[in-house]
Amino acid sequence: MTNSATNLRLKLPMACIILEVIIIILFGTLVQYDDETDAKLWHKEIANGSSNYDNDFYYRYPSFQDVHVMIFIGFGFLMTFLQRYGFSSVGFNFLIAAFALQWATLMQGFFHGMHGGKIHVGIESMINADFCTGSVLISFGAVLGKTSPVQLLVMSVIEVTLFAVNEFIVLTVLGAKDAGGSMTIHTFGAYFGLMVARVLYRPNLDKSKHKNCSVYHSDLFAMIGTIYLWMFWPSFNSAVTAHGDDQHRTAMNTYYSLAACTLATYGLSAVVAHDGKLDMVHIQNAALAGGVAVGTAGEMMLTPFGSMIVGFLAGTISVLGFKFLSPILEQKLKIQDTCGVHNLHGMPGVLGAIVGAVTAALATKEVYGDGLVCLFFTSWESSGDVEASFQGIRQAISLAVTLGIALLGGLITGFILKLPIYGAPPDTICFEDGIYWEVSLATTPSHFVWMNGHTGLTDLYIVFV
Amino acid sequence: MTNSATNLRLKLPMACIILEVIIIILFGTLVQYDDETDAKLWHKEIANGSSNYDNDFYYRYPSFQDVHVMIFIGFGFLMTFLQRYGFSSVGFNFLIAAFALQWATLMQGFFHGMHGGKIHVGIESMINADFCTGSVLISFGAVLGKTSPVQLLVMSVIEVTLFAVNEFIVLTVLGAKDAGGSMTIHTFGAYFGLMVARVLYRPNLDKSKHKNCSVYHSDLFAMIGTIYLWMFWPSFNSAVTAHGDDQHRTAMNTYYSLAACTLATYGLSAVVAHDGKLDMVHIQNAALAGGVAVGTAGEMMLTPFGSMIVGFLAGTISVLGFKFLSPILEQKLKIQDTCGVHNLHGMPGVLGAIVGAVTAALATKEVYGDGLVCLFFTSWESSGDVEASFQGIRQAISLAVTLGIALLGGLITGFILKLPIYGAPPDTICFEDGIYWEVSLATTPSHFVWMNGHTGLTDLYIVFV
Amino acid sequence: MTNSATNLRLKLPMACIILEVIIIILFGTLVQYDDETDAKLWHKEIANGSSNYDNDFYYRYPSFQDVHVMIFIGFGFLMTFLQRYGFSSVGFNFLIAAFALQWATLMQGFFHGMHGGKIHVGIESMINADFCTGSVLISFGAVLGKTSPVQLLVMSVIEVTLFAVNEFIVLTVLGAKDAGGSMTIHTFGAYFGLMVARVLYRPNLDKSKHKNCSVYHSDLFAMIGTIYLWMFWPSFNSAVTAHGDDQHRTAMNTYYSLAACTLATYGLSAVVAHDGKLDMVHIQNAALAGGVAVGTAGEMMLTPFGSMIVGFLAGTISVLGFKFLSPILEQKLKIQDTCGVHNLHGMPGVLGAIVGAVTAALATKEVYGDGLVCLFFTSWESSGDVEASFQGIRQAISLAVTLGIALLGGLITGFILKLPIYGAPPDTICFEDGIYWEVSLATTPSHFVWMNGHTGLTDLYIVFV
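Same order as they appear, the protein sequences are chains A, B and C.
In this text, residue positions in the first sequence follow the UniProt record's numbering: the first is 1, and each later residue adds one.
In this text, residue positions in the second sequence follow the UniProt record's numbering: the first is 1, and each later residue adds one.
In this text, residue positions in the third sequence follow the UniProt record's numbering: the first is 1, and each later residue adds one.
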């Protein structure tokens, strides 16, 4: 099960240690505590009349921890559904997230966090780094089971960098709003990953087909991931919105969107699945699409009513995507999307971008009051309602830019990852932990002795274990 | 394993989609952002001198997320102990919770949240909706494994409505205190569910008996649920108490009650279980009874000492209930209580109601100071100590009302659910995911068979399956 | 599998109930609400101009809950890696944590929380009690699988008491800083536990060797523990630091240390493990060493750069410890350290103490500003930079004291636990749930063998296991 090509004794240590050393050097050179984490600066603020409560830590740390759980438990366990890929799902998720959040701090700081030549860090940069990491993990979902950890680290280096570029263009240059990242996180991560998967197309992947499915308990582990993502999505979408009503409203809109999405998912799953039964794949994924789809408009005055409609639509298109679109993607477009990220992050992300553009275009001073300037402050200094339509256009352009950078970036990254130097698994042993992990022979479920019986009469087995 | 009667291809989609459409229409008609989630209204408050910190979001959102985890992970995984019912336990819990929290927002808003003809929503309505959902999930525990998801949705519609009626009578009309819901949530949910289980009595359930038990890893999954419920119960009981000392004290009382309850549970389990060994059923359930039993008095000046005594008692009666009362309930009263909710929520809920009545009756201005009015504000405008005994009586009446509505409501609901139109499973295939879920034949653990083999070569087994 | 010696029908109930009754009596005699949990006292503060926001609950409760999750889910599930010891890992962790947090409240209150003859309790005493509990659970890791729950309770009684003594000497007498407990929690717990394990050395433990390893799904359960510990460690280290920049900075330093540690762990694991593959033991444990190692210096101006270097070093020594030191400890020093706590808590704890001493010694008014007094207030009343070197020395002495008390305490405790009265398991059935738990014979996964048998009699299998 191991050969020299996939042996990582040199490749993985080199990748990990070189990357970490580079990061540490850059942190030593460029990164500083911000005003709220630096002892001297914060105590100056205190001397100037601030209270410790004004420290952003107390506004955002609980949300940060919820986001952190989504990144490490949510994404990690969501991908454990494969029968023999649990170590890699949780373990590579852990590795690339731990790397990506450091690299993201540098890239995001470089593009839009420099203060006097230094990157200032605090709770908000931690949340943003986790967000960027989320985008990488979405792409990971598309290539799950078919890539080595070295490939994943290389992908992370490039994707984080392009994420920061795109985020800078969308939020700073274009002045779009995207607090929960329908565009910058979900659309970007999904289409980047799908393009990578397209370039890495494996025509003989069906040789590993028997491992590309779940077992009973692996589906239960995956539900841990699903439920955590579902519960904490309100924190995700609201984590970096403005203090006060914005954070409060965003969390609530997301909560309602997800609830409606879940009902749609169960209803649609029973319609399309075999024999009127529910399909775990739908429940594990489509029920989350409601969180993705209010990632842009959630902080606006979308209303619970609007949020529920968006969530309901998102769940519907997501289930239909799994049933009808995924097979087409694989057969016609040669995109082998292991986790179906197109259905969970791709289409719902685009839906979220459109909903965001429309909601922004409809914003009025009458509905938002003084909150209008606060919410759209980057662009609406004049505060006129006429600005709303411009904001809608800004949002729409941002979607186009995001798609463009994601697809182009994924294309280039795919070709880089295709180089035969990263220890990628052969087609015959994809979706298999044993290739990169020490797995005790005596104890792995797949070594449980399988007594067939699928072939009928000959079902007598003598088994030594 | 499937027949037309249990095929849900039409029934479940119809139930989900019709219910969701009704909810969306009602939300569109009736629901509005409250002062703290509406951009215009909150910015008016800011203009009037409020700070963003005054937004209730910052007081309650961390507690809300803990409650949310209890509802979706806690209840969901607690019920995965059954060997072949993990998908349904987590999955139906997910479905009915996502439905119930929306319906509860409407029902609770209708009965005690109307402002000028509109239901105002914010963080507190989200917590209350989750609380109401908890009550439905307790009832779900009583009928676990024997009901179709359509039945569960119908049950939720009725139970949420009656929950809101009972809550209105207890808290608003009678002026009782019940922050953690010993009465409104636990007693109500348990006796409602037990009555439903009574009406749905299945004389031939022993045909599914071999599936009504746990396997090794299903018990570990269940412990995830138990531990999350245990850890976050302090947040549950304190989530809607008054700001300041009340929230702080309630969380702490609950923490001590649970700790004492856990010691009692382990001690009693070893006494009553076979051979001096511990029984997972007790640990998974009885250790939580301490949280239930301080659901009413936890916000009062119960003291850590008092909390521990209550917790110790709760753990004791809960273990004894599992050992001695549950078999009687099943054989004499024909109540097949799958999860033993009578032991975890029923008796400890009643205990909590009594403790609450006594603690309220003993309240004095000397002990509570100015906090007396704050805590019992709905009824004690005159603030006299003489009011305490009246409060005690109010609490006791509330328990009686709750029991009455729960039992009557459960009775009626049971008969409605007995109609043969919901795709309920036959007696022979209860406690079985395969009836409602696509489960890969090749991968289900219940077909694993135990092989001894501790001593080596002689361990030869011939197995017929 | 059971005999009278290990039958706990009397021993465990007696231990649980006697201990709980003692605790309840002591709580009734000694424990009072503090100013922020007492209704009367807090309302006096309100009357004197305090706001509810000033209640420490809002500064610390989210961190407390994160710590709580680490104690009950983190430690509990981390230890489920053993194939047949999941019930005990989670269940005994639950029991001794529930006991230890109560006992710790009394012991810590007695040594440094008395106010007018009473122990005052509130959110900070809850966090400190959980911290002390963490130390006991670290020791539990060293003796995992080889001890009865009665032994563990007795160990907890002694260890909690000595923890409080050591904490009093280190923090109060010596005036050292140790917010995240590199010394007081990790070093203390590890060396105490290792000494206990040394005294309880079992020369014939290899008779249970085949059970002292993981199975596929048990490693996934363990990853739940690992990831939760990893995610919430920033909350752990910052939970009792000063409000404002201190809490904020500590959380952030820990976050960066852990991220760098994770990269080092993956890199080193692939270097030292067999065949260039990753070893789950390293990932589950060494990746956490970065949190341990900034437990002292994390609240100081360590900088993200410094935190990363410390984390990187901690991950490195931890992996190397698992590979090269653990076998030596077992063979030469006769310390059978089941979970390798020496590698996760012992060495990284000592590293953290040294880093803390050096960082304190380098502190200057120029870097810390007014924060200098705030951070080192217990000892630096004069605020001079010259004090820094004294603080460094205080830190170093504290490490020595901690090691001394831990080793001596562990030695004595070991001999007490060696008495043949606690129902300890024999050498032949260590690492086995069945000795203390009711485990259905039909359901244990490691011996599962798949039997088809869907079609009945023809499915005859002969299986040697």
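Check each hint, because a few of them may be wrong.
[Said to hold, decoys possible] Pairs of lysine-lysine, DSSO-like flavour, derived with a Cα cap of 27 Å:
#	chain 1	residue 1	chain 2	residue 2
1	C	Lys365	A	Lys118
2	A	Lys323	B	Lys11
3	B	Lys365	C	Lys11
4	A	Lys365	B	Lys11
5	C	Lys209	C	Lys334
6	B	Lys365	A	Lys365
7	B	Lys365	C	Lys44
8	B	Lys365	C	Lys323
9	A	Lys11	C	Lys323
10	A	Lys40	C	Lys365
11	C	Lys418	C	Lys209
12	A	Lys44	C	Lys365
[Stated by the list, open to error] Chain A is nowhere near these chain C residues, computed Cβ spacing over 10 Å in every case:
#	residue
13	His115
14	Val157
15	Leu171
16	Gly175
17	Val199
18	Tyr201
19	Lys207
20	Ile224
21	Ala264
22	Lys277
23	Leu278
24	Ile309
25	Gly392
26	Ile397
27	Pro420
Rather than coming from a laboratory, the hints here were simulated on the basis of the structure.
Just so it is clear, the structure is predicted and the values come from calculations on it, not from any experiment.
Ideal Cβ positions, reconstructed from N, Cα and C, are used throughout, including at glycine.
- request: Against the earlier hints, flag every one the structure doesn't satisfy and list their numbers going up.
  value: 3, 4, 6, 8, 20, 21, 22, 23, 24
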